[in-house]
Amino acid sequence: MNARNETVNAERALPARPGEPLDEAAEPTTVELIDAYLRDHPGGGERLIPLLHRAQEHLGYLPFPVIRLIAGRLGLSPVQVFGVVSFYHFFTTVPRGRYQLKVCMGTACFVRHAGAVVEAIHDTIGIGVGEVTADRLFSLEQVRCLGACGLAPAMMINSDVHGHLNRTRVRKLLQGLRAQAKKADAVGADHE
Amino acid sequence: MSETLPATTLDRGALAALRLRLAAPLRARAGEADAPQAPRELLVCAGGACISCHSVAVADALETAVAASRLAGQVRVVRVGCMGLCEAGPLVVVSPDGVYYQKVDGDGARRIVEQHLVGGQVVRELELAAEVPGGERLTGRRVPFFAQQVKIALRNCGVIEPTSLAEYVARDGYLALERVLFELDADAVIDAMKRSGLRGRGGAGFPTGMKWQFVREAPGDEKFIVCNGDEGDPGAFMDRSLLEGDPHSIIEGMAIAGRVVGARQGFVYVRAEYPLAIERLGQALAAARAAGLLGRHILGSGFDFDIEIRIGAGAFVCGEETALLRSIEGKRGTPQPRPPFPAQQGLWGKPTLINNVETWAGVSPIILRGAAWFAAIGTARSKGTKVFALAGAIRNTGLVEVPMGISLRTIVEEIGGGIPGGRAFKAAQSGGPSGGCVPAAAADVPIDYESLQELGSIMGSGGLIILDDRTCMVELARFFVEFLVEESCGKCPPCRIGTRVMLNLLEKITKGEAGPADLDTLESLGRHIQRTSLCGLGQTAPNAVLSTLRHFRTEYDAHVGEGRCPAGQCKALLTYTIAAEPCSGCALCAKACPSGAITGEIKHVHTINQDLCIHCGACLSVCPTDAVQAV
Ligand SMILES: Cc1cc2nc3c(=O)[nH]c(=O)nc-3n(C[C@H](O)[C@H](O)[C@H](O)COP(=O)(O)O)c2cc1C
Chain A
1 MNARNETVNA ERALPARPGE PLDEAAEPTT VELIDAYLRD HPGGGERLIP LLHRAQEHLG
61 YLPFPVIRLI AGRLGLSPVQ VFGVVSFYHF FTTVPRGRYQ LKVCMGTACF VRHAGAVVEA
121 IHDTIGIGVG EVTADRLFSL EQVRCLGACG LAPAMMINSD VHGHLNRTRV RKLLQGLRAQ
181 AKKADAVGAD HE
Chain B
1 MSETLPATTL DRGALAALRL RLAAPLRARA GEADAPQAPR ELLVCAGGAC ISCHSVAVAD
61 ALETAVAASR LAGQVRVVRV GCMGLCEAGP LVVVSPDGVY YQKVDGDGAR RIVEQHLVGG
121 QVVRELELAA EVPGGERLTG RRVPFFAQQV KIALRNCGVI EPTSLAEYVA RDGYLALERV
181 LFELDADAVI DAMKRSGLRG RGGAGFPTGM KWQFVREAPG DEKFIVCNGD EGDPGAFMDR
241 SLLEGDPHSI IEGMAIAGRV VGARQGFVYV RAEYPLAIER LGQALAAARA AGLLGRHILG
301 SGFDFDIEIR IGAGAFVCGE ETALLRSIEG KRGTPQPRPP FPAQQGLWGK PTLINNVETW
361 AGVSPIILRG AAWFAAIGTA RSKGTKVFAL AGAIRNTGLV EVPMGISLRT IVEEIGGGIP
421 GGRAFKAAQS GGPSGGCVPA AAADVPIDYE SLQELGSIMG SGGLIILDDR TCMVELARFF
481 VEFLVEESCG KCPPCRIGTR VMLNLLEKIT KGEAGPADLD TLESLGRHIQ RTSLCGLGQT
541 APNAVLSTLR HFRTEYDAHV GEGRCPAGQC KALLTYTIAA EPCSGCALCA KACPSGAITG
601 EIKHVHTINQ DLCIHCGACL SVCPTDAVQA V
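Protein chains in written order, with our numbering: chain A, 1 to 192; chain B, 1 to 631.
None of these hints come from the bench; they were simulated from the model. Nothing here was measured: the structure is a model prediction, and the numbers come from that model. Ideal Cβ positions, reconstructed from N, Cα and C, are used throughout, including at glycine. Treat each hint with caution, since some may be false.
Quick list of simulated restraints, FRET-style, between CB atoms [claimed, not checked]: (1) VAL187/A with LEU368/B: 56 to 66 Å; (2) PRO493/B with HIS113/A: 28 to 38 Å; (3) LEU137/A with ALA23/B: 50 to 60 Å.
Next comes chain B alone, as it looks inside the complex:
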């Protein structure tokens, strides 16, 4: 089904013909419909994480093996975008059978071709499977990781070849744009966006339809559309996967908004750390332009629209909208006071509509399937689905799209497969550095914008880091505050100086040098920074501290009152000993010890003199037999 489009522009008839011809096999590929007659294909995940696990070589090995078999020329290898289950990468799917293979290497690739494709036998050892309570063995799309998801933004990720315009079109791509150009008037589109209840997925959750209306109503004959693909939160990779896995969905969403608000130029701001996203988006833009879906007089409608890529340069604060716009203008990315909002005065002082990547990806489905369909998913005030990047102490690291209102417990225990290594689920960190920690005790609360805020965290862009009992919450708060100290742009003093003072206090606590009064100072300082900072960075900077103080106060108290780190992470508070049993007497620890506290004869148990020990942890990290213990 390899499709190369003619170099000429496409008209509506050509788009319709393409959909008619390719839609059914692609639905089969996505597992949305049975189509036994659909062509056999091997889908290889070419998302960022799988590529790092050498999935490109796996795809090549599959092609070689197919070419050498009697199926030569009959089975195509398709390099698709992120399938989500990064932990099990590289992933290979035999379509339309829906058999998933995990951690495939060159040898596995040969076995899939010989045993499954040629021999007709599923390779059980490589098959993705999950045992569920009751002893049933679930495979393929029925494993809980996939079965619990509802894919709207990620509808094409892992299904289509990311830069294939034909495959995107066949998934009803650019159909919503056609409707907006030829059938719907702008107010009807805005009305649909409003009724859908879609809220911005970049963090703040502002109602998208309302923002579009502001920009539409803003006076001015030059306006801009911007896609925020800066994705600065550490632990977040939703936007990256969307840009890499389905770039046309972003382009289409932006073009629709351009028509509705009266803009002719768009910009996608992508961070420099995402070269693959930049490359694929660039290819998709070129293809759309060549097909006449961007540029002048789109599909004969008289509407002109084009998009340029702008590459970030590694500044977290540039995710903030006013800073991002300044960065596009070529300046230092310092935030500006709002109002004026970008909707009134944005790029070069002109009305500018800025939305997040995932927000843009949700636009076309809402127009095609209707506001009511979207609004039926989710909770009272948070509609639709949210993509989360699941990472940290969790079995199934990866990307998941779930309905708003799902519980944290379902995400962690069912989709995520639980905590590895028999450890206990302690908390989930959401919203990146601006967010906070939700304790395990609140795991049954339905997740939406409001509930997370009540718990002292935020939805943020969707990074969800799962923490087990070995994470020290004070140390985690220190990590985030240190991040923000480095990323504060320095423009306003509450953020520039306040975060620095918070960091000093947290360092004192993790070293066991703080007193109870320091906790009160930390808390009141945090509230002060929240109230007085210029932009969202400073206003949310204390969240990590305040939310951990709220839910894990006893852990702070243990550091301050007893000089003890309950999670056993704060080096300065630990007592190091050497256990006789595993110690092999290799003397590596004695060599590493900078204070000469460790003594012992070669091949005999070593000991640590607690009076000389400076708690640096060097012995712990060099010990090859795990004999050094820290409590």
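Just chain A, with the same shape it has in the complex:
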């Protein structure tokens, strides 16, 4: 499924792997999260997708040790679990940015030139679809339809929908977020 993105993701995932040795164990908090879910929800393999949702919500992505851990707990092979992870667009094996940009590519947005939004993002922060900025501040994805057709063209940044976008608004939005992150980090550093 989604063969092109998958290849891109796989290529991106590979260089990350050396820092993530196959025999490395999942974090204790993740293990606890997964075991708590399994305790509360007795059952079998149908718990796989809800469990992956849980883990990704917690970690932001699904690193290999977690995939292997889940496989072990459910009595599946890691390949079976990886097959499910790679099948569904929602799951990712690479970390995403602090601000996750999801540009809507639904028909209404397409008709109202969502392509220009992707171009504007690229021009402003230099990343294309499926990529993350080097500082991990932004990541960019295309999504199918946010159901916000009245606001077309629209994009979601984390869980907020921004509509009626054009080049200028996109540039201002992203610059605003960058400034906001800088400020937040400066405040955070002060407190340490």
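Position chain B with the ligand against the provided structure of chain A, taking the given hints into account.
Below, chain B with the ligand without anything else, positioned relative to chain A:
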């Protein structure tokens, strides 16, 4: 009228008392009856689109303003589900007056409270109004957008507080379930569903009563009920609005079916992109369980039924029923050959009844008001109403429920308010990626399952994208095929490879590199994919191409024969020039041009060297004065 229910379970007497007490004011709120004595309320649309336009802050501002006025404590702010007119959001309604306010912000909220509620004067500048031919100014529910609609599935959306069980009950909620538990036998219910003529709203239009009967008759003591809330079609948001705006109607429909076919467990499969729908459905489920309307021994009837939510993970093909069931089982969502149909062997091999969200929402009204009432609406073979998500090049983007058989022209010109920007109505795309395009020339055909199919499209789940003369039909077909290439699960070669080859051909055409033979290849390949694919995704994948080839052949010919894109959208086929008049000589275009084709001095008109131009369109997109022209 804020209702908090006791934490104990409800019996039939308590439900009846609730209806008696709250029904009249809620009817007034819905505009179904005059009730001048109904309490003053401010309804704020808390549907997805309005929330994105900050309607939550508007609701807060209204509450603050009311609290600060002499009406403190007398006017309640109610956060209701989607009212449908997303374009005008955030919407606020003063009830029971029926005055609609559009695009309300914090300042508007204060004016509504001070000027309208306290001062008794409608705020004209914010009022939703439409001028109709003849110069009459229509307001409120009389604007054509609302006046032409018939609400059955959406009966409670925009009227009740979505998760309030009391308000749902007061709208005759769970009354149909009571009837099915205590008065009607299962065959009578199935008979009513059949006579109503209700057909599945998820796309295929299969007769609902017949499907229920198959599952009822399927042998097995364990059966399942499933609600398909995957809503993968881009441009569709009916199911989302229903789940967000009236979740109890889905729960009730599923419980009724559970009783009728003999199932005790249901699942609602909702896509992960709809967190608000998941949240509200979860709250509604918890409330129904606490009240004893789900769980064991419902209302003392001895019938046990419960529902779980399953969250999708972003795969379009999981809307297909066999794929969806596999996904619930925790597997890759690849479709399976049918037969066996889910009615025979579904979830974990057990008989499974799967219907779409909107189908479920239509169940209770049919049982309460009768099959004949429902069947009197619509056309010979398509009964009742259909919810459409209206979007694209249209003034009134939003959600509309209309009787089957309405014409596209009525939807576009009257309900939709026409095409903005003085552009011409070119076509309507229905049915999402599986659908096709209906040209403006066919706008007077009554819309139903059959007529759309004859036009080479499908009803689909109800996404209706309106296109104006700036949409290139070849590029649109390419967009949908690209979508399907990405979403094909890869299991069967006609779909996996065929859609890829179609995409290559379409890309060739939009780049002006194709010859006339390519159009024939495209057409025959499309027919081949239709015939040989495993599931509905592949079988319908060529529709976008075939329907545009059928209705807009001249546009394809212009790309292929003349290297010209009549809509001016295919970048590679356009000639870019800079008009002297608006050009400010800012040199942004020259900077953006990757091939050095643009020259000129600062503050003087720039020019494009056509021999160097690579048709990338970069100049067009950066020009701040719209001086770059592409034809
Ligand atoms: C590729 C594909 C995608 C589909 N997506 C949906 C969907 O998002 N929602 C839906 O209700 N039905 C969808 N369907 C239709 C379902 O397979 C099935 O017909 C429907 O859930 C049955 O419910 P109904 O009879 O109430 O329409 C899809 C079918 C195909 C082939």
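### Query
Going back to the hint list, which numbers does this structure go against?
none
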